[in-house]
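Chains A and B, in that order, are what the protein sequence lines are. Numbering follows our numbering, in which position 52 of the first sequence is assigned residue number 52; successive positions increment by one, without gaps. Numbering follows our numbering, in which position 61 of the second sequence is assigned residue number 61; successive positions increment by one, without gaps.
Everything labelled a hint here was simulated from the structure, so no lab data went into it. Given the structure is predicted, the values throughout are model-derived calculations rather than measurements. Don't take each hint at face value.
In silico DSS-like pairs for lysine-lysine, Cα to Cα no more than 25 angstroms straight-line [claimed, not checked]:
id	chain 1	residue 1	chain 2	residue 2
1	A	K132	B	K53
2	B	K4	A	K67
3	B	K53	A	K4
4	A	K124	B	K18
5	A	K132	B	K43
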Amino acid sequence: MSEKIKNIFIRGAISPAFIADGIQKHQSKTSIGGHSIFLGQVRADILNEKKVAAIEYTAYEEMALEKMHLIREYIFQKYPLTCLHIYHSLGIVEVGEICLFVFTSSAHRKAAIDACEETVERLKLELPVWGKELFTDDSHQWKINK
Amino acid sequence: MAIKVLLFAQLAELMNAKELVVENISSTNELIGVLEQQYPVFKGAAYVVAVEKDIINANTKLNDFSTVALLPPFSGG
Chain A
1 MSEKIKNIFI
11 RGAISPAFIA
21 DGIQKHQSKT
31 SIGGHSIFLG
41 QVRADILNEK
51 KVAAIEYTAY
61 EEMALEKMHL
71 IREYIFQKYP
81 LTCLHIYHSL
91 GIVEVGEICL
101 FVFTSSAHRK
111 AAIDACEETV
121 ERLKLELPVW
131 GKELFTDDSH
141 QWKINK
Chain B
1 MAIKVLLFAQ
11 LAELMNAKEL
21 VVENISSTNE
31 LIGVLEQQYP
41 VFKGAAYVVA
51 VEKDIINANT
61 KLNDFSTVAL
71 LPPFSGG
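Next up, chain B with everything else stripped away, as it sits in the complex:
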């Protein structure tokens, strides 16, 4: 199970990366837990989670090659 995690704006800057690959993950809650454990910058960071470009509001099951995006507060326009 390899999950592609896309990072944007502040999160991409803090991580110095636009993309991470995380192995052995089956849900979004599990992913967030692993990221917070490995990278303290995720703790307390403001963002919403999108799975396959849709923002989710509850724990969501992930499949192999799922794409998860972590989206800081939008500031376009």
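Same shape as in the complex, but just chain A:
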């Protein structure tokens, strides 16, 4: 599979309507028997008595898109998928809003579930994306992934 590099970045939060629309669009692909969806949501963490109000995401976009492309190719080789869609927010996403949307589809559930999980794990480790946790008191700290 060698297609052109896709953009995964969306300005601000990923809306529930966008996710619903993504599901709707797959109704015409009737070889699909299962979808798996992962949604990352900004959590109102409390760190040193400060409450997170939002996360501001930045990225080394060109490098992130190249790395995501390589991950996509790897995932498509490993699993019999029909589709794989990835969207990640840039800029400010408030608590409770969606910042990551990974959507896999396949004929049978196992490939979709496993591919979705592996894609999420790999992109969190490998994409040059950074989250700045903005607190309610206007201070901030750089997020650490667990």
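Take the given structure of chain A and dock chain B to it, following the hints.
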């Protein structure tokens, strides 16, 4: 030899800049040495080095107009 250095996240914040141009540099080790000498914030800072968007694990030769990115620990998703 002008090397473009891209800074992100904590490093961009500490340096108050997203980009630096460093002259007369021929390798990544030399670049890191010069940066640490000129800007103490680089000492002890956590980051990996990418040359032309590929993360390197050893000293790498640089060419004129090479782009080097200093990448703090990733925290996307």
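Hint-by-hint comparison with the structure:
1. For the suggested pair A/K132 and B/K53, the alpha carbons sit about 22 angstroms apart, so the restraint of at most 25 angstroms is met.
2. The hinted pair formed by B/K4 and A/K67 meets the criterion: a straight-line CA distance of about 21 angstroms does not exceed 25 angstroms.
3. For the hint pairing B/K53 with A/K4, the CA-to-CA distance comes to about 17 angstroms; that is within 25 angstroms, so the pair holds.
4. With a C-alpha separation of about 23 angstroms, the suggested pairing of A/K124 with B/K18 holds against the 25 angstroms cut-off.
5. Restraint check for A/K132 and B/K43: the C-alpha separation of about 22 angstroms stays at or below 25 angstroms, so the hint holds.
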